[in-house]
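Top to bottom, those sequences are chains E and L. Position 132 of the first sequence, counting from 1, maps to 132 under our numbering, and the rest follow consecutively. Offset between the second sequence (1-based) and our numbering: plus 343.
Check each hint, because a few of them may be wrong.
[Stated by the list, open to error] Computed cross-link-like contacts, SDA-like style, restricted to lysine to any residue with a CA-CA straight-line distance of at most 25 Å:
(1) L:651 - E:298
(2) E:83 - L:426
(3) L:624 - E:166
(4) L:624 - E:102
(5) L:624 - E:178
(6) L:412 - L:491
(7) L:651 - E:23
(8) L:624 - E:340
(9) L:624 - E:48
(10) L:624 - E:30
(11) L:412 - E:279
(12) E:83 - E:102
(13) L:624 - E:163
(14) L:624 - E:27
(15) E:66 - L:648
(16) L:651 - E:305
(17) E:66 - E:51
(18) L:624 - E:325
(19) L:651 - E:36
(20) L:624 - E:23
(21) L:624 - E:46
(22) L:651 - E:18
(23) L:412 - E:50
(24) L:651 - E:160
(25) L:624 - E:16
(26) E:66 - E:18
(27) L:651 - E:271
(28) L:624 - E:271
(29) L:651 - E:46
(30) L:624 - E:55
(31) L:651 - E:21
(32) L:412 - L:426
(33) L:624 - E:18
(34) L:412 - E:168
I should point out that these hints are in silico values taken from the structure, not numbers from a laboratory.
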Amino acid sequence: MARGHSLLAYALTRMALAVPMLLILLTAVFIILRILPGDPVLALWGGHTPPPEVVEAARQQLGLDKPWYVQYWNYMTDFLQGKFGISIGEQYRGTPVWNQISQRLPATIELSIGSMFVATVVGVGAGIVAGSRRDTWVDVAIRLYGTIVWVIPIFWLGLIFQLIFGVWLHWLPPQGRWTGTDIPRGVTGMYTVDALLEGNLAHFWKATQHLILPSLTLGLVLSGFFTKTVRANMLQTVTADYSDAARARGVPERRVITRHAFRNALVPVVTVLGLQFAILFAGAVLTERTFSIEGIGQLLLTSITSKDMTMIQGVVVVYASIIVVISLVVDILGAMIDPRIRL
Amino acid sequence: MPRLRRLLDVLPRHSILGRLVHPLVEDRHTLAGRMAWIGIFILLAFIFLAIFAGVIAPYDPVNPPWDEKDTPPWSNAAVPRNESFQTWTGNWSFTSFRFAQRADGVGAISNGSDQVEEVWGFPLRVLRNDIVAVGFSALVQSNGTDAGHYLTVGVSFDGGLTWSVPYEVRTTGALVQVDLTNLTVWNPDKLAESALHFRIGHGSDASPTGNLSVDYIGATAVWRTYWHLMGTDPIGRDVFSRILYGARTSLAIMAIGVSVALAVGFPLGLYSGYRGGNLDKTLVLIMDSLYSFPGLLFAGLIAVLLGKGVVNIGLAVTVIYVPLYFRVTRSQVLSAREELYVEAARAVGARPSRIVFRYIAMNVIVAIPVIFSLSAADAILTAAGLSYLGLGVEVPTPDWGLDLAGASNRIGVGIWWSSFFPGLAIVILTVGLSFLGEGLNDLVNPLLKKERL
């Protein structure tokens, strides 16, 4: 079978699997939000009686007076058609849910990209060094780093960075995405990209400055996983037959590590990358709160405190969809790099 | 350690406990062994602290008995107070003496040197008998005060019964601080609102008639707070005491969350892995989907709907780890199912339930302590994250994440201790648990051991 054909077949199978995954996640959200608490609107108000207009809006929006299977059908068809509904909370009442989400999404994406960059650079770098110098003190130190950084609370690390670099040293702005009123308004909503599109380098630098601390915080915490995985893979690839063969041919050790061992060590990393995004998004919520970044994590928190059922539902569904898509892309990417997965 | 050896010999090497304990003792000098032992030590230390929090904690973790906000760690911080009087009486004429309560450019004016006003009720609230300095401050206005007229201040610390020699304030236009520290041996009783009285007099060098305008009269006191190991938080609660009690909250949530997840995920994985078939496929798909969703958000949603409280948060945290235990158990079952001893048991006609419980479960259970400690570390992080986001336990409960959230806005003004130490507690406990998990993993996993030889 030709290579392209089998990759396509794998991609199609994987896509077919993504559909039930999305349906399961949507159903889980439905069960948690609608069925478990009895009346979700009452549950959110936690013992207090909600104002009658809130209950009325919820009944209309969510169709709470209908039996659960009708609610389930409406819920599923609405989301699959991209209908997110209208906010019923205290904060954004009357505004379309999708408007709020699309406004907040760029900040989260920007943060995710930034921290993934930090995590990959630091994690892969440390993993290679540790894996190629097995059982030396460098290896032990990096292993300890990988273990410790993985269990550091993100918000705590963020606060320490704020304190050191923002408050004591005044090197970087401790909070927010931007200071001042001249916010770059571009199509993407990501300030760094918008500033570049404007061609304004000063703005780009300012946006980057605001992005550094949050990305560093989240990225370092995530890097622990990459460090461990790359190290474990390097241990195998450094002593693998092809590496020994290269050494036997007289290839210098440095080149064996960078050319032969490193490349092969990266392949398994890609395959487990998908699960990292779940952790990344959970971490992004904490990072957004710590650095006052108005992303969708913050939106979810405000919609929980302002008891906004439709908004909570919308944000959670967006999270679920992004995760399904990303794990799909990552798996296909893995299959492109490593033909063995397709088998 | 001959006695320990003998104890170990009693424990069969291949029993469930023996497979853990023997490597822990034999390989205690390897890196993995050291990590595991450090982890055990840290975990036991935190359990000890949690149990004896009531005995160790120096202060009440919820209701601070003293008003000692933002006290730095490891010090008796000096608290300066400067308060004006609340009550006044006397024959000070022309304008009411209340104009001397605030330094706002409007003064209380007297027009004769016989006029006297007695003021008291300074809300200094000195909480501890470690007073560094006491004094009064006065501001006499330059316009409105005639030449040769000055302010006199007599001080009483027994409610106006006995009076000190009057102090003279002749400076005008600038705030004058007069030191009263050496007047008596001060204690909080002498500085109470009813005890500390000032007698404000109008002194003159020549003509008894003339104006004296007093803009401000206040009492100052500097006292040292109690000594706090880790300082106090923005509400004045002792950080160290709250960390000790917070260990109870964290360990309770962790224990509930991880045990319930184990109780649900392990049997489910066992059954699903052994039976296989369509049920297995469906369960795997569901668990994988749930596993891919951000655990913190999942737990947060459920926590909001379940309501606050330690047990509810523990149950919310459970949701994250059920898929984890399911996956680990199932994959272990899949490999154990093909082992020769299972085959042999089946061949001699053992019932399926016996095969599952006696042969498979007992071998799968060895992998559980590793995953148990790793997920426990994660559960503590999740619980702290939930509290930090305001979705976790309720406000007065001592909880590390909650304390961090409450103190995080003080970072901007450089007050670091009230958020640093709770976070440090989280880090130490989670690092301990993950050391334990990784150490055990290396010790118990025979493949890694072989590799090391």
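A quick look at each hint next to the structure:
1. L:651 - E:298: Judged against 25 Å, a Cα distance of about 20 Å means the pair holds.
2. E:83 - L:426: Measuring from Cα to Cα gives roughly 61 Å; hence the hint is violated.
3. L:624 - E:166: violated, 51 Å
4. L:624 - E:102: violated, 36 Å
5. L:624 - E:178: It is violated: about 48 Å lies between the C-alpha atoms, which goes past 25 Å.
6. L:412 - L:491: violated, 45 Å
7. L:651 - E:23: violated, 29 Å
8. L:624 - E:340: This hinted pair holds, its Cα atoms lying about 22 Å apart.
9. L:624 - E:48: Answer violated: residue 624 of chain L to residue 48 of chain E is near 43 Å, above 25 Å.
10. L:624 - E:30: Since the Cα atoms of residue 624 of chain L and residue 30 of chain E sit roughly 22 Å apart, the hinted pair holds (cutoff 25 Å).
11. L:412 - E:279: violated, 36 Å
12. E:83 - E:102: holds, 13 Å
13. L:624 - E:163: Between residue 624 of chain L and residue 163 of chain E the Cα gap is close to 49 Å, so the pair fails against 25 Å, i.e. violated.
14. L:624 - E:27: Measuring from Cα to Cα gives roughly 17 Å; hence the hint holds.
15. E:66 - L:648: holds, 21 Å
16. L:651 - E:305: holds, 13 Å
17. E:66 - E:51: holds, 21 Å
18. L:624 - E:325: holds, 21 Å
19. L:651 - E:36: holds, 16 Å
20. L:624 - E:23: holds, 16 Å
21. L:624 - E:46: Violated - the C-alpha atoms of residue 46 of chain E and residue 624 of chain L are around 38 Å apart, more than 25 Å.
22. L:651 - E:18: Distance of about 34 Å is beyond 25 Å: violated.
23. L:412 - E:50: With a Cα-Cα distance of about 37 Å, the restraint between residue 412 of chain L and residue 50 of chain E is violated, given a limit of 25 Å.
24. L:651 - E:160: Violated. Residue 651 of chain L to residue 160 of chain E sits at ~28 Å, over the 25 Å cutoff.
25. L:624 - E:16: holds, 15 Å
26. E:66 - E:18: violated, 30 Å
27. L:651 - E:271: Given pair residue 651 of chain L, residue 271 of chain E is violated - Cα atoms ~38 Å apart, limit 25 Å.
28. L:624 - E:271: holds, 21 Å
29. L:651 - E:46: holds, 9 Å
30. L:624 - E:55: Status violated; Cα separation ~40 Å.
31. L:651 - E:21: violated, 30 Å
32. L:412 - L:426: It holds: about 18 Å lies between the C-alpha atoms, which stays within 25 Å.
33. L:624 - E:18: Answer holds: residue 624 of chain L to residue 18 of chain E is near 15 Å, not above 25 Å.
34. L:412 - E:168: Distance ~21 Å between residue 412 of chain L and residue 168 of chain E Cα, so the pair holds.
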